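Chemist: Here are the chains, one letter per residue:
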Amino acid sequence: MATSEENLFSAAYAKEDPASWGQEIEAAFAELRRITGGEVRCVHWNDDYVAAAFTVKVDLPSRGPVGGVDIRAEEPVMLVFSRRDYPERAPMVRSDRKDFPVSRLSHLNPVKAGQPPYLCMHRGSYDDWFAEHTLEDVVTRLRGWLRDAARNRLIPEGDRFEPTRINNAIGAAIFSPQSFKNWINEGWKSTGGEPGYGFLLMSLLDRDKRDPVRDGGFPVSVWRFYAKEEDLTEAHKAVSKLNSLISESDSLAPLCFGVLCWSSRDLPITEYFGQLPENVSELLELCRRHNIPLGAALSDYAARDLRQINGLPVILGLVRHQPLIRSDSNIEPLCFVLDGSAPDFTEKRELPEEAQVSALIQRSPLTPEMARNISGTGDDALPGRILLFGGGALGSKLAMHYGRSGHTALTTVDPANLSPHNFVRHALLAERAGQNKAEAIKRSIEAIYEGITESQKPDAHTGSALDLIKGEQRAKLGDYSLLIDATASGMVNEAVVRATLPEGLKVVRCGIADRGKVGLLAVEGPRRNPRVDDVNVLVYDIAIDEPALRQWLERERKQREEQVGAVLDEITIGMSCSSDTMRLADDLVSWHASTFSAGLRKLLNRMPESRTGHLILNYHAEQGDDHGNESLVSRRIPIEPFLVLPAQAVDDWRVCDAGGWQVRIRSQTVREMRERLQRAAPKETGGLMIGVAHSKRRIIYVTRIIDAPPDSKGTSSGFRRGTRRLPQAVDAIKKASGGLLGYVGDWHTHPRGSGRISTTDIKAMLQTKRDFDMAGIPTFILIASHKGFHAYVSVPE
Amino acid sequence: MSDASITYFPVGNGDTSLIRLSDKTAIIIDSNIRHASRDEEDKSCYDVHAHLLAELERDSEGRPFTDAFILSHPDQDHCRGFESTFHTGPPDTYKKKDDEPEKIIISELWFSRRIFANFEEEELCGDAEVFLKEAVRRIKLYKSKDPKRHLAGNRLRVIGYGDSEMTEGLDEVTTPPGASINLINNSLKKDFAFFIHAPFKHHVDSRWSPRNNTSIVLQARFDVDGVARASLALFGGDACWEIWAAILRRSVRETLEWDLFLAPHHCSWSFFNETPYEEHKVPQDSSLEVLDHHREGASVVASSKPIKDDDDNPPHYAAKAEYVRAVGTDHFICTGEHTSEDKPLPVIFAMTSNGPVKDESATASRVRSAAAVQSSLRTPRTYGHE
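Top line first, the protein sequences correspond to chains A and B. For the record, in the first sequence the residue sitting at position 364 is 364 according to my numbering, with numbers rising by one throughout. For the record, in the second sequence the residue sitting at position 354 is 354 according to my numbering, with numbers rising by one throughout.
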């Protein structure tokens with residue numbers, strides 16, 4: 001069934017010309033036309049975003065979508081691009097249908113009423129996923145999303161219920177899942193399992209939010225629950241008295257009362273909330289749909305005069321038909337703060353319909369267990385000002401090592417706020433809860449010292465790292481001599497790799513992997529060669545001969561294969577520690593941070609005369625001492641510059657431009673090929689190249705060669721690459737690198753004459769291309785001559 | 001648990017299908033496997049062997065295996081490549097050779113006893129001879145009650161009757177037409193079964209019945225998410241219209257229903273009527289009735305080379321027209337044309353509780369990449385300057 005024009009959101013949007021939105025976006029539209037083979041309309045989203053509206057074909061089960069959900073064989077969709085941040089920022093994926101069956105589908109990000117449904121494309125960071133993928137991958141995944149919706153597989157069989165995604169929370173409600181479960185169970189006892197309500201005693205964590213509720217930062221921590229039958233008179237008196245005492249304090253925040261409502265114990269709610277209420281009327285309507293007595297609760301709240309501050313926190317407990325993801329409970333908490341400032345609330349016993357409702361994220365409180373801070377000091381001074389991307393676990397520790405050792409000229413960049421669970425691994429302590437991470441680091445370093453000179457003061461940027469790489473703050477990059485990327489973000493990594501940076505800015509990237517067993521810090525060489533991406537790829541190669549790394553990559557491979565539907569084709573070194581489900585001990589983060597901090601300080605002191613990049617590699621070695629203890633190894637490995645070659649393509653037997661493809665070859669491998677060339681001359685020789693083809697970056701990395709097998713034959717006019725034991729040799733490398741390195745192409749020599757491709761070479765290349773095009777991977781050959789190296793890459797048609 | 005699926009490989013005029021169950025059980029029906037890189041005649045040849053190596057599970061010794069291999073009938077376009085693709089002989093004699101792709105162990109071999117027919121006019125091709133030898137080896141283990149007969153790689157299942165010299169005494173592993181079976185490779189399947197329609201006894205034993213008409217005909221039944229018979233697929237080898245007419249007479253509706261129908265004999269006219277077509281242009285009512293048993297949204301898969309508007313048979317243009325009439329253009333898929341004639345790719349359907357859905361998963365693309373690299377590495381390449 002086709003969707004009529006009046007049922008499309010985009011029909012009402014103004015037309016735009018992609019060409020006026022920059023080269024990247026114009027190219028994206030051309031790419032979308034190629035991928036879809038149909039019309040792609042360009043429409044206005046807002047001043048910063050533009051949308052591509054088009055139709056995708058969806059494979060439906062033969063008798064139609066499972067359960068009759070209204071997914072169609074042709075679905076109108078929109079990809080929404082950021083003018084400034086595309087392609088680092090992934091395009092938002094929206095349905096263009098006004099009647100898209102939002103309430104029956106999971107994996108949707110809530111949107112405001114009247115906005116196009118917002119499909120959630122990835123369980124983790126979609127931007128990070130996109131850093132490793134192409135627009136074609138997005139469209140394929142989008143079709144997969146719709147196909148899965150039609151086959152009732154958005155949530156894989158056996159998976160748990162995905163709680164409502166909260167994207168625009170203005171604060172957090174802090175309470176433990178166990179307490180929440182206990183309150184609701186207590187409530188059900190009083191209502192015989194029927195819907196009901198009670199009250200909560202809470203403390204506001206930021207006193208500045210006592211009066212306003214409209215802007216961000218409304219963190220509350222819940223203390224206890226009162227069933228509605230309980231007499232709150234004494235509690236009310238005590239709270240009022242306490243609040244009056246602390247109203248004079250500069251640092252203490254008041255207590256307040258909130259409302260807890262719950263749904264029926266025996267009637268699970270199946271509705272997904274594609275839209276969250278934004279005013280009291282919408283919230284009451286949501287509750288009415290599920291027989292939740294919020295209206296009565298608010299009336300009772302007013303009758304008891306429980307209002308202490310303008311914000312009125314409301315927590316709903318919704319019974320779902322299966323346990324929530326990462327929980328053993330099937331009760332979903334939905335948390336809001338209502339604007340309770342209406343002067344006549346107490347008299348009328350109801351809030352105005354239009355009173356604002358904002359979502360709060362539910363956060364679990366920090367456990368009493370608090371990690372020790374480590375202190376890292378050193379005599380070596382770091383050169384210049386440091387720009388630190390990421391004030392998370394690793395970033396904060398690096399910052400505090402440097403801050404404590406006197407290097408305060410540091411700007412931290414991080415848009416996130418500190419949540420309680422962060423403190424298990426973060427360098428800062430709980431009094432910083434709710435504050436922005438970059439600001440908190442800045443204040444913490446400032447608090448250590450007095451009288452820091454203006455030029456040595458720490459600074460904070462509470463926006464995205466992209467603001468500095470691409471945005472309005474870009475001009476400030478010249479103020480820094482060192483950029484440390486500690487974000488573990490694929491998106492930031494991709495932006496750093498692609499960016500043109502000031503010459504004097506040294507780039508470093510660090511991360512922790514394998515639950516803390518592996519740590520990696522890459523330091524770029526002079527003129528960004530080797531670059532951080534070269535060093536990352538080289539890590540896979542080092543793993544071939546290092547059991548600890550091999551085991552890590554093997555575990556990563558297994559995890560990738562098990563995550564059906566959320567598979568990353570490549571891994572990003574480093575993992576985000578900001579999640580409360582990431583298992584990683586603070587002492588391991590500290591070990592990596594201290595070796596990185598100390599190692600980097602040493603390296604940078606020697607850097608002016610260094611011609612190489614470096615890798616600091618931390619891991620748990622298998623061989624320990626005689627008592628079976630593991631050894632912690634920290635190696636510093638110099639990395640020579642890579643040979644960087646622009647690739648050419650072959651089209652219809654002619655050499656032509658390869659569309660920006662580039663080949664980057666490890667220097668040791670270049671030396672080995674030259675040595676083979678010399679040794680075999682005047683005969684030709686060759687072999688296989690091992691590495692990674694990165695389609696998104698259009699780069700083929702080569703990290704090693706496999707010599708020509710014994711059934712190969714070289715003459716003065718040609719080279720026949722044999723086959724004996726090649727599949728086994730490549731398989732062994734693939735296995736040892738967790739499937740990340742593999743065969744990328746053949747190389748051979750032209751000892752006489754130039755390294756230009758011959759018709760014999762083209763014929764061989766086309767034979768390989770026949771296989772590779774079917775698999776959608778690029779075909780690559782390299783020719784080594786005394787005059788240089790020539791790379792030829794052909795991408796699938 | 002993963003979604004069950006069927007992969008129909010592009011193998012020209014011939015059949016090779018792979019059924020995967022939710023517990024990863026693999027069942028291969030027929031083999032018309034050529035080697036892409038060695039087949040200079042057919043540039044578009046898809047490397048099925050490399051695909052299978054990339055997709056199939058490995059046993060505890062790292063050897064690739066399929067739970068079952070079913071030979072519909074021993075014609076060359078149904079067993080080509082059997083010798084080079086599959087291991088034969090006792091499983092403990094399995095060896096990897098440096099210069100050859102690994103062979104696949106068949107845990108359980110399925111066949112009908114027509115393979116043992118000794119009619120003068122019916123010679124077996126080389127691959128069928130190898131298959132026959134392997135079947136005889138396994139039968140001997142069963143007849144001698146050798147305990148090794150229960151090991152993966154020695155198991156067998158006879159489709160038909162155990163009353164010939166070769167197959168008598170094999171009752172424990174014989175399944176007659178008219179029965180359903182969910183025991184595959186010694187494991188009872190909770191969400192899958194085959195219903196066996198044919199071959200019929202008198203065809204198997206008659207020298208006047210062409211081998212095509214002794215094809216094993218099966219209905220594959222998938223239960224999904226608790227929905228019984230959620231997806232149904234019919235496989236019929238090369239059986240002609242008379243066999244289907246007989247099946248129609250003997251069967252109840254539920255054993256004939258289908259969501260996927262592998263067009264018999266590579267989309268030949270012989271499913272609809274006698275050949276040549278010019279003399280029998282009207283399809284038999286019984287054949288049309290078989291097609292009428294399709295369920296909503298069903299698809300026909302023709303495992304054949306591209307279908308042209310000419311006199312070729314198979315594949316036959318008028319036969320295609322009849323299928324299209326039954327299911328519509330969008331639901332008729334020719335493996336030689338999917339997704340292009342130049343580079344045909346496997347047709348994959350995943351089973352859902354509402355019927356099969358065409359699948360383009362990331363797993364399929366990874367398997368294709370691994371297969372392409374393996375294929376290229378096994379082929380010498382000649383370079384040289386001028």
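If you're looking for bench data, these hints aren't it; they were derived computationally from the structure. Be aware that one or more of the hints could be misleading.
Unchecked claim - Simulated DEER-style distance windows between Cβ atoms:
1. Gln76(B) x Asp99(A): 36 to 46 Å
2. Lys24(B) x Thr134(A): 24 to 34 Å
3. Gly62(B) x Ser716(A): 36 to 46 Å
4. Lys140(B) x Ser327(A): 51 to 61 Å
5. Arg123(A) x Lys281(B): 54 to 64 Å
6. Gly37(A) x Pro176(B): 44 to 54 Å
7. Glu254(B) x Asp328(A): 51 to 61 Å
8. Glu100(B) x Ser327(A): 28 to 38 Å
9. Lys281(B) x Thr134(A): 43 to 53 Å
10. Glu100(B) x Ser716(A): 53 to 63 Å
11. Val324(B) x Lys15(A): 53 to 63 Å
12. Glu254(B) x Pro323(A): 31 to 41 Å
13. Val644(A) x Val324(B): 48 to 58 Å
14. Arg288(A) x Asp59(B): 54 to 64 Å
Just so we're clear, the structure is a prediction, and the values are computed from it rather than from any experiment. The C-beta atom is built at its ideal place from N, Cα and C for all residues, glycine as well.
Chemist: State for each hint whether it applies.
Modeler: Now the hints, each set against the structure:
1. Between Gln76(B) and Asp99(A) the beta carbons are some 55 Å apart, a value that contradicts the proposed interval 36 to 46 Å.
2. Range check, Lys24(B) to Thr134(A): about 30 Å between beta-carbon atoms, so the 24 to 34 Å window is met.
3. Taking the beta carbon of each, Gly62(B) and Ser716(A) are about 42 Å apart, inside 36 to 46 Å as hinted.
4. Remark: the range hint 51 to 61 Å for Lys140(B) to Ser327(A) is upheld by a beta-carbon distance near 58 Å.
5. In this structure, Arg123(A) and Lys281(B) meet the distance hint of 54 to 64 Å, their C-beta atoms being roughly 57 Å apart.
6. Restraint check, Gly37(A) to Pro176(B): a C-beta distance of roughly 50 Å satisfies the suggested window 44 to 54 Å.
7. For the hinted restraint 51 to 61 Å between Glu254(B) and Asp328(A), the CB-CB distance of approximately 42 Å leaves it violated.
8. Checking the proposed 28 to 38 Å range against Glu100(B) and Ser327(A) shows it is violated: the Cβ atoms sit about 52 Å from each other.
9. The beta-carbon spacing between Lys281(B) and Thr134(A), approximately 51 Å, falls within the hinted interval of 43 to 53 Å.
10. Here the CB-CB span from Glu100(B) to Ser716(A) is close to 31 Å, at odds with the stated 53 to 63 Å.
11. Between Val324(B) and Lys15(A) the C-beta distance comes to about 40 Å, which lies outside the given range of 53 to 63 Å.
12. For the pair Glu254(B) and Pro323(A), the supplied restraint of 31 to 41 Å holds, since their beta-carbon distance comes to about 37 Å.
13. Between Val644(A) and Val324(B) the C-beta distance comes to about 54 Å, which sits within the given range of 48 to 58 Å.
14. The beta-carbon spacing between Arg288(A) and Asp59(B), approximately 59 Å, falls within the hinted interval of 54 to 64 Å.
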